[in-house]
Each structure stands twice: as structure tokens, then as C-alpha cells.
Amino acid sequence: MFELYRWKELFQNWFVFAEGFGITVALSAVSLAAMLILSIVVGLVRCSGNRVLKGIMLAYINFFQNTPLVIQILFMYNVLPRAGIVLSPFACGVFGLSLYTGAFGASIIEAAINAVPKGQKEAAYSQGMDYIQTMFIIVLPQAVRTALPPLANQCVNMIKNSSALAFVAGGDLMYRADSWASDTLYYPQSFIFTGLLYLSLCLPLSKWAERLEKKAVRV
Amino acid sequence: MNSFLTGDTIVFLLRGLGITLVIALSTIVLSFIFGSVLGIARYTERGIAAKLAALYIDTVRNIPLLLFIIGFRFTLPLPPVISAITAMTVFTSAMVAEIIRGGLNSIPQGQWEAAYSQGFSFAGTLMHVVLPQTVRRIRKPLMGQFVTAIKDTSFCSIIAVKELMYSGTIIMGKYVKSIQVIALYAVIALVYFSVNMLLLGISKKMVKEQS
Numbered sequence: 000m001f002e003l004y005r006w007k008e009l010f011q012n013w014f015v016f017a018e019g020f021g022i023t024v025a026l027s028a029v030s031l032a033a034m035l036i037l038s039i040v041v042g043l044v045r046c047s048g049n050r051v052l053k054g055i056m057l058a059y060i061n062f063f064q065n066t067p068l069v070i071q072i073l074f075m076y077n078v079l080p081r082a083g084i085v086l087s088p089f090a091c092g093v094f095g096l097s098l099y100t101g102a103f104g105a106s107i108i109e110a111a112i113n114a115v116p117k118g119q120k121e122a123a124y125s126q127g128m129d130y131i132q133t134m135f136i137i138v139l140p141q142a143v144r145t146a147l148p149p150l151a152n153q154c155v156n157m158i159k160n161s162s163a164l165a166f167v168a169g170g171d172l173m174y175r176a177d178s179w180a181s182d183t184l185y186y187p188q189s190f191i192f193t194g195l196l197y198l199s200l201c202l203p204l205s206k207w208a209e210r211l212e213k214k215a216v217r218v
Numbered sequence: 000m001n002s003f004l005t006g007d008t009i010v011f012l013l014r015g016l017g018i019t020l021v022i023a024l025s026t027i028v029l030s031f032i033f034g035s036v037l038g039i040a041r042y043t044e045r046g047i048a049a050k051l052a053a054l055y056i057d058t059v060r061n062i063p064l065l066l067f068i069i070g071f072r073f074t075l076p077l078p079p080v081i082s083a084i085t086a087m088t089v090f091t092s093a094m095v096a097e098i099i100r101g102g103l104n105s106i107p108q109g110q111w112e113a114a115y116s117q118g119f120s121f122a123g124t125l126m127h128v129v130l131p132q133t134v135r136r137i138r139k140p141l142m143g144q145f146v147t148a149i150k151d152t153s154f155c156s157i158i159a160v161k162e163l164m165y166s167g168t169i170i171m172g173k174y175v176k177s178i179q180v181i182a183l184y185a186v187i188a189l190v191y192f193s194v195n196m197l198l199l200g201i202s203k204k205m206v207k208e209q210s
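Protein chains in written order, with numbering that gives the first Met the number 0: chain A, 0 to 218; chain B, 0 to 210.
Please note that the accuracy of each hint is not assured.
Take a look, some chain B residues computed to stay more than 12 Å from chain A by CB distance [stated by the list, open to error]:
#1 I47
#2 V80
#3 T124
#4 H127
#5 L130
#6 Q209
Calculated lysine-lysine pairs in the DSS-like style (CA-CA distance at most 30 Å, straight line) [to be verified]:
#7 K139/B - K50/B
#8 K117/A - K207/B
#9 K53/A - K203/B
If you're looking for bench data, these hints aren't it; they were derived computationally from the structure.
On a predicted model such as this, the values are computed, not experimentally measured, just so you know.
Using N, Cα and C, we set each Cβ at its ideal position, and we do this for glycine too.
Please work from the sequences and hints to get the whole structure.
What follows is the structure, given as C-alpha cells:
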């Protein structure tokens, strides 16, 4: 584990890891944006009056929360091409991660909206606002405080889960680390370094989430 | 052209499900034990044990499970299934520890003071007063983590552990028709779904019986 020459070779091959790191960051960023939009839309529908749409969204949430991400990504990668839909591994990753994490995000948004006192909504309606206006101008800004800490935790989970892209040879950090390690057989070095890279991405985020949580408790 | 899901195929998939359940249940039980110890240690906030627990939790929680699964398989001399269980336990313990610490933090300080004033020791207060209240409060996130553990067993397929996901991939090679492949994916997804729903249902029922 401490053989210096191995570490030297690892740092000489830094670009392998840098490339994978870049893809992991890009994948996470795009999926985060898509996941946030999806969570808000599904969360809003879940809090609306339309029974049919609510049922469909509940089915979506339950299905994606209770089946593994790996199956979802492999399905998109292996099965969709048979229906004529060919997605790149990166696109599979974006769709998989945002659909999977969005199911959790939607529950968080739904709970946060329900935590805002009912009077706020009624007051907005009494001023002549419609559902969309009420939600975006009055309710959601107040729901953000409750929703932000768990959403930040979901974001950390999403970065970690982006490693599932390795199943479809997505070229992300996990995949690059694994293939570099099997080329050189320098397993411990590769995995320790990769762990540190993931840590550098996730630790600040989860510390931020922790601080937000403490603040939310105090208020 | 063979028919979809023959007897052999079903037995093969069931064997995969068995391994999935063995990995998941061992992980859940072990990480509940280790996670509780770590969570309580970190909750005390003083001394070397709290510092070590915090270091462990913060490190492990921010590294993907897949890295542990692959890393342990290639660096530790363990058989595949044991290596998978070890990796998953290491990871899930950190997640469970944070949930338990969060629950402990939500118990009002007055509970401790009241118990101390009645002559309870630290361990006595924890066991008889604080933990029973904590477990009730953290039931939902804890169950969520256990469901995640069941889903995460599918990551173990990357080190060729023959769990459900991997067995499914092997069988897939037999099928040519798209509809068969789609149906097979649906079957596997539904099995995971049912196991998780069953777990959530049982936990809901247990809470109802308690109250």
C-alpha cells in the first residue's frame, strides 16, 4: 500500500483520474438540475387536487424508490436500444440518476409543502392567486427551509450513486479507477486515491447539509 | 426458441434472490449493531471514541458504496459473498450511525436530567429512557436505509456475486426476443419492489401494534 513508486506512477497518470472526475462532476451537475425540476413538478402535483395525476406520481415515487438504480440504468442501456432508443452511457446516467433521486426529492418537496401552515395557502387563494402562483410565490419559498437539508443529502447520495455509471462503461471516476487498477494491478493505490477524490466532492456538501439541519432545528 | 421463465430459470432466479436476501439481511443486522455503537459514540461528543466515530462516519458516508465493494474484493483475501457483506456493512453502518445520532439529538435534554435525578447511570438512561424513544422517532429513515441496503445488493453484481441482479443478467443471454428481455427486467424489478414493500409493510404493522 505504501510502495512509493506505485504512487508515483499513479500521479504520472493523473489525467486518467482527472477525466473520470470531470465526467462524474458533469454527470452529477446535470442530473442535479434535472432532479430538482422533476422533484418540484412531482411534488407540486402530489399536493394538488387531481386524483389521477396524484396516483400516477405516487406510483412513480414508489416504483423508483424501491427498485435498484443499477436495474434502471441497465434497462435504459440494454433494453431501450431494442425499441430504437439508443442512449449514450452518459445520457443513461443522467436519466437514471435524475429519475431515481427525483423520486426521493419529490417526497421531500411534498413533505416540505405540507409542513407550511394551511393558512398561507388559503390567504393566497383569497387574494385571487391560482394554484401555480400560490405555490411559487407563497408556499415554495417557505418550504425551501425545510426541504434544503434533506435535498442536500440527496445530492450527496446522487454523487455517490453516479458510480453506478461504471456498470455501463460510462467513463466516470469509478470506472476509470477500476480499469486503471486492473491494468496496473495497483488496486489499493487507485482505490484510496479515488476515495479521496469522492470525499473532496461529498464532504463539503454533507457538512453544509449538517449545518443547515442544525440551523433548522434552532429556528 | 424456448418459452419464457421455465422451471430451471425460476429456480436459478430464486437462488439469486436467496443470495440477495442473505447479503441484505446480514448487512442490515450487522450495520444496525455497529451503527448504533458508532452513533452513540459520536453522540457523546467527548473523548477519543467520539472523535474516532466522527472520523469514520464522515469518511465512509462520503465515499460511494461501489468503491468499497470493488476495493474490498480486490484487496482483501475474502470469498466474494463475505467480501460483499463486509463492504456493505462498513458503508451502511456509517449511514445508520448518522440516523441514530440524529434521533438521539432530537430527544430533549430534560429526559437525561430527569433520569439522572432518579439515579440512572449513563448506560441506564440510554437503554431505558432515551433509546426507546429514539427508535420510535427514527423508524422511517432507518427503514429507508434498510430498503436502500436491499437495493444496494445489486451493486455486488459487479464483483460477480450471483445475487438476483447478476443471475438475471446471466439468464438474459438466453433470450433473443426484445419482449422476453423486457419481461425479465420487469420480473427482477418487481421482485426487488415486492421485497421492499413487504419490509415497509411489516415495519408499519409493528408500529401500529406498539401504539
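Structure-based check of all given hints:
no., hint, result
1, I47, "holds (21 Å)"
2, V80, "holds (18 Å)"
3, T124, "holds (22 Å)"
4, H127, "holds (25 Å)"
5, L130, "holds (20 Å)"
6, Q209, "holds (23 Å)"
7, K139/B - K50/B, "holds (27 Å)"
8, K117/A - K207/B, "holds (28 Å)"
9, K53/A - K203/B, "holds (22 Å)"
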